[in-house]
Each structure stands twice: as structure tokens, then as C-alpha cells.
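Protein chains: 2
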Amino acid sequence: MKRLYSTDAGFEQQFTRMVNDRRESDESVAQDVQEILREVRRDGDNTLRNLTMRFDKHALTDDPSSWRIGKDQCAAAYNDLASEAKTALNLAADRIRAYHEGQLPQDRDYRDDANVRLGARWSPVEAAGLYVPGGRAAYPSSLLMNAIPAKVAGVDRLVVATPTPKGEINALVLAAAHLCEIDEIWRIGGAQAIAALAYGTDSIDPVDVITGPGNAWVAEAKRQLYGVVGIDMVAGPSEILVISDNQSDPDWVAADLLSQAEHDPTSQSILITDDAEFAEMVEDAVDVLCAQLETRGVARKSWDDYGALVVVEDLVREAPALANRLAAEHVELMVADPDTMFADIRHAGSVFLGRHTPEAVGDYVAGPNHVLPTGRRARFASGLSVLDFMKRTSFIEMDEAGLREIGPAAATLAEIEGLPAHAASVKVRLK
Amino acid sequence: MKRLYSTDAGFEQQFTRMVNDRRESDESVAQDVQEILREVRRDGDNTLRNLTMRFDKHALTDDPSSWRIGKDQCAAAYNDLASEAKTALNLAADRIRAYHEGQLPQDRDYRDDANVRLGARWSPVEAAGLYVPGGRAAYPSSLLMNAIPAKVAGVDRLVVATPTPKGEINALVLAAAHLCEIDEIWRIGGAQAIAALAYGTDSIDPVDVITGPGNAWVAEAKRQLYGVVGIDMVAGPSEILVISDNQSDPDWVAADLLSQAEHDPTSQSILITDDAEFAEMVEDAVDVLCAQLETRGVARKSWDDYGALVVVEDLVREAPALANRLAAEHVELMVADPDTMFADIRHAGSVFLGRHTPEAVGDYVAGPNHVLPTGRRARFASGLSVLDFMKRTSFIEMDEAGLREIGPAAATLAEIEGLPAHAASVKVRLK
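Heads up: the protein sequence lines correspond to chains A and B, in order. Note that my numbering has the first sequence beginning at 496, numbered continuously upward. Note that my numbering has the second sequence beginning at 496, numbered continuously upward.
Next up, chain A with everything else stripped away, as it sits in the complex (with noise of 0.2 Å):
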């Protein structure tokens, strides 16, 4: 865990290593999944059937529910659950899907002074992938949060694609597909299951986005086949950085930046307050409740390497210009005046203002979407919506004397530009 001061001579160096550290992975994959895209694409279902033998120890075979978990096996594990998760994961779904309800796009279709009728027509694609891991990261939060803003898009089909290592399936998992009303889901996971979903195989048809976490492989398979197909963006491991004065209790704080740590190693929790002291009340309460947590392994480690705790003189001057620069995917507000601070804050993923948000709630049941920014993205990309799982098609109608009224520009302009079927294509209709 490291500390800075803004008052030392070295923070300015010490804060922008902070800014440049990625934490990601430098692991060569790139070789690997493009060899396993190329087999996909080649050889379909039967190198499908051979890297899921091998990476999970699980046989496709002649048997259709060894490759396709059915419907009915869905609402089975939806009706098995306990009645408290049955409610909480019905709030969050309906919060979410109310949410990104409000997020469909506005087509345009307008005449302008040239009488030249303009717009644009926004449509969903039709046939969505969903990547849901394995083993520690399979949550069922994520299903929802990925499956309903295509769901409010209007997408066809959607597909899950999951592992089942040594066949075993997370029973949470289905139920959310179930609420989902997900279409398919195949026991596929790794690179080949990003390629099958691209490219498609005999058995599976291809989808046209694709989304949802997943490892290193997962990842570098999604970003070679944008293009092919649409994609989320790039993820990386997740991150928080709260803004704190001393008025907030250290215990709310350490348990935020530990929601953070708890994720996985490589998390990052950062906090910027203007109290030394309460500084270092947090650093105490997040010792104390770490080691409390049955995942304080993983918290523990994230935040020994990657938590910081940052101390500048003026929080309101300070702050919200060190948050730029972090650019953090979540980003708590906990001072006096959240809305103020807000308004000086241009890059982070998600905000959260006040002390009685906590990120958490985010994850969950708030309604916005958990998919966001990491790495510093939320200076150029943003969460996930429904807008992924949608296009616009503009179009343009003009009559003669529209065409006489502007086309002659257009031909003007294709000249220079040395296009002359270009300028025909209009002169020819003005003869």
C-alpha cells in the first residue's frame, strides 16, 4: 500500500506512476488465440469438442445437453432459489431494465430549409453473444447486467457462452439466464468459444456482438475479432477511488475500498482525502475488516500492492483533478457537497455521490450499468448500454429542386477530389 502527500517533493512523479501503472497483463496470448481463432474457423465444432476436452475436461458429444443447457434445466434453477435471492435478483433485474429503458435512442427524421429530408433510424443487431466465466468470476449479476440492456435493444437471440469445467454448471448462473429469458446457452468457454461465437460452427450460428467478461484469453479473442464482430470494451481489473473529507466514518470507507480489493489481486482502491489522521484511521479499519472477510487472501493482496492512500491540503481543489487523471471506472464522492465536486469531475466510469451510495450498490440493484471503463478508458469509452446492442442507418431523400439547390456543391467538391462518376452520378440528373 502506498501513501502520498501532495505536499512532498516527489508526489507529482510518485502520482503519475500511479496514473501510468496498468496492472494488466502483459502475458504473450495474442499467438495462442490466434491460432485457436484460425482452428475455430477451420474446423468448427470439432476443434470445439477437442480444446474443451482439453481446457476444461468436459465432452461435447453426440449428446445435445453436453453441448446446450436446456430451458427447462433455466427455471429449474430459478425456482430452487432460496426466496431472498429470488427477490433480490428480480429488484435488479426490474432497476436495471428500467434503467437502460431509458436509454433507447431517439430516431431523426426531419426536413431542412433545402428541403432535403434527413435522419436516422436506429435498429437492434440481431443476435448477441454473452461471455460468462467460469469458476470465481461467474456471476449471476453480470448475466443481468449484460443480457438486459440487449433484451431492451430488441435483440432477436441471445447466447450465452459459459464453461462447465469437468461439466460442473453454477446453478446461479441458469437462474439468471432463466430471468433473462436468455435463447441458448453452449458449455463453451476460452478463445474458442469468442471464434465460435464470431465465426459460427455447425452447430452454433454466428451472433453479431459480443460481450461480457472474461481472462486473458477471452479478452485478446474479443479484441482480434472486432470487426468481425462487435464488441464491449477492452476490460481490465477493477478499481475505486474514493474522495473522502474526515467527516465520513473510516469503517464505510475501508469496506468500499476492500469491494474493490476483494475482486481480485490486481483490483486497485485509492483514497484522496485532505486528513492525514483519517487516513490513517481508514488504513486501520481496513486492516480490521479485512481480516474478517473470507476472500481477505485476494484483498489483502490487492491492496498491499496496488491501495494507496493519497493526502492533499485542499480536498475541493485538489481532488477532482487528481480523479481525472486516475480516470477511475468507480469513483465515490463522499464529502459534504457532492454535486459540486461532480461538476469539476470529467473522466471516471460511474460516480457515486454522497455517503449512503456505496459502489456496491452499483454492482447490484441501482439500475446503471456495472460493465464500465477500466485502465483509465472512461477518458474516451464508457459503460456498457443499450446502445451496444443497437445501429444507426441514416438516410437522405431529395427531391429535384433539392438536388438542384445542393448537388452542384457535391459536384464541385468530387472535382477537386479528382472522382468524376461521382460528379456525374449528379450532373446526370440535372440535365
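Any given hint could turn out to be false.
If several chains are the same, the list does not tell them apart, and a pair holds so long as it fits within one copy or across any two.
Said to hold, decoys possible - With a Cα cut of at most 25 Å, we get these calculated BS3-like pairs of lysine-lysine:
no. : residue 1 : residue 2
1   : 566       : 661
2   : 646       : 566
3   : 926       : 581
4   : 552       : 661
5   : 796       : 922
6   : 581       : 922
7   : 581       : 646
8   : 566       : 581
9   : 796       : 497
10  : 552       : 566
None of these hints come from the bench; they were simulated from the model. The structure displayed is predicted, hence computed values, not measured ones.
Since chain A is already given, all that's left is putting chain B on it; use the hints.
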């Protein structure tokens, strides 16, 4: 040039082959590009000097004007424009600006039934890099179409990178840069220019988003840097699909088909009609017009290699389904009732309604962006827009009552996902 008749036995197979034919270079440039990115990242300006000498025969020296083109030079190029060109360029810029201003997204900020405040705030990226190719594809219209959406978005810093082979500068591009108020123009090109914009060098500050057309090296560099910066969609050769009944003038259709064919030998122009005789008349008209074009070399090769005449029986019933499978960049509907047909077209970059709307007006002056998805990517991608230069920050604010209402569900879900610190961050506030 291919002739396909929907009544032929082999039609389905032939059409599928056309849909799957990507026409994109399989050149293995990935390795070269990877090496260039690594070198620029490590050795910045020095690598730019070496590669610019090697590829462009242009020396980047101690003289700043060898690196950058000044604003005075752009203003002079603009003032030197012939008055017709100046008027046309201004008309184009004004109309593009007006259309894109309508794309500015609405922020959201509301309280829901649980008195939870939710919203999303859009903000522009700080800096955008626009690539402008040298040589044949150095089009001022392309600079307008990339720069104006960025400007409308509110981007602070607009940077152009363009190669100046043997020192040669394209005056039209400079004039357009003046009109778009570009802040910096760097005389660099290729993958090294994209790397310099993404990583920054001692001379060049990094940008957040890179857009603009380029050759295979430029496109691959953007693809590899996706995630370090935001990029526009991977672009392939241009395409047009004209759907026309036999009431259109064959000369008009021929000019439109050739206006894409003249772009590049790998461009594709397709006519779908319901009259075989009309198709032949168009074919003849293509031959006549093509012979007159200065661009006939390129246009002829594109038409011969990739052009297609598709004759169907029932245009209204069959054409939209075929169009959706092609998901073409440009679709012209030269039919009696274009609106009805448009309602059936789901996948297209931009649609041109009626007989008096040649695609070329969309390239220059209509207003909508001419940077559009190619290579069947209209299935999932949209044309360039103001949104490509902005990002969304979601936000959440709740008080104790709101947290008491929805917080426990978050804690429940966190617990079943095995994330106790998430649960603790809610519970500690409700003690």
C-alpha cells in the same frame, strides 16, 4: 462482373458467396505493425524520424516546420481556393455541422420511486487524432467528416496526422483543416503516426480517440491500439447497393454504381432489379460512362472484379431480404415507393431514398457522415458520429432511506456471489 438471377438453381449459393466475400487484404501486416508500435513506444520522436525518412522520404529535422504545418499555411491554402470550391466547402461544412449538432446526446438526472437519484452525464474526450492519408485518398471531405463531429462534441484539441511524401503537401486538405479549426497538423503517416498519437512522444501529446481512413498498416495499427485509445470502426473497401425498378434512367444508375467503383479496385457496386432488360441497359450505360472517366482504370477493374447485377422476380418482396444479407455501406432505393421498402431494410450504413438522391450527395454535402460501416459491418456498427468523441459517466446518489430500501438486496446478491466486502459496505451503513 457477375450476373445472378434469383430464379436460377445456383442463386442461393452464388449470393451467399458474394455475401461472404470480404474483399479485404489478408496481408500479414500485423507483425510489422506490432514492431512499429513497440519502437514508437520505446523511442518516440527518434523512431518517427527514421520511419518518416524511410517510408515518406521526408526529413523531420530541428526545423519545427518539418514536423508541423502551421495555421498560417492552412489559412493561406484556404484563401487561395477558387471561389466555387470555397463556397462548396463551406456549404458542406455548414450542412455537416447542422446534422451532427442534432446528434448531441441528452444528459439524464432523475429520482425514481425509491428516491434514488440516477443519471448519466455525457462529456467530450479531451483530444482527438484524425488520420488523413497521403496520395490518392487525401480527401478534404474526409477531414470535414471526421473533424466536424469532434468539434461539435466539444473536443478540446484536434490533431491531424498526415504523411507528406517527399515533403509534398495537399493544399485542399490544409484548406479544410483551416475551415475545421484543426489545432495541430503533424507531417507523419502510417502505423507510426497512429502509434505516436496513441502513446505520445516528446513532441506530440497523446490523444484519446483516433479516427480517419488509412491503408492496411494504418487500419491494423488502430486495431492493435484499440483499448489504449478509442477508434472508429475498422474500415474496408467502399460498397454501394442500388435497388432499382425499370423506371429509373439507366444512366443515373450507372453513374451511381461507378461512383463507388472509382474509389478503389476492391470497391463493390451491386444492382438489384426485377427486369433483366433493364439490367442490361444499365450494364451498357456503365460501359459507356466508364470509358469517359479519368478514373476508368480503377472503376473498370472494380466493376469487372466485384460488380454484380442481380435480377429478381419481385423487387418489393425479395430485394430487402437480400439487402439485409449484404448489409451494404450505401443502399439506394430507386423505386416508386422507397419509404415502404426502407421499412424492410434493417442492415445498412446509409440509405438514399428515391431517384433524385445519388449517393455522392451523401459523400459531400447532405449532412450525415460519410464514414460508414463496410464489409457487412452495418449488421452491428454505425456511421461516425458525435458520440464517437464523447463518453458517458453514470451516477447514483441515495440517502439513508433509499439505501435501506434497496441496499439489503445488494447485500444478499453480494453474499451469494461470495463477495463479503461488497455486502459489508451496505450493512455497515445500515447498522
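Going through the hints against the structure:
no.: 1; hint: 566 to 661; in the structure: within (21 Å within a copy, 65 Å between copies)
no.: 2; hint: 646 to 566; in the structure: within (17 Å within a copy, 49 Å between copies)
no.: 3; hint: 926 to 581; in the structure: between (70 Å within a copy, 24 Å between copies)
no.: 4; hint: 552 to 661; in the structure: within (5 Å within a copy, 59 Å between copies)
no.: 5; hint: 796 to 922; in the structure: between (70 Å within a copy, 24 Å between copies)
no.: 6; hint: 581 to 922; in the structure: between (66 Å within a copy, 20 Å between copies)
no.: 7; hint: 581 to 646; in the structure: within (20 Å within a copy, 48 Å between copies)
no.: 8; hint: 566 to 581; in the structure: within (17 Å within a copy, 63 Å between copies)
no.: 9; hint: 796 to 497; in the structure: within (13 Å within a copy, 63 Å between copies)
no.: 10; hint: 552 to 566; in the structure: within (24 Å within a copy, 63 Å between copies)
Violated hints for the displayed structure: none, as all numbered hints are satisfied.
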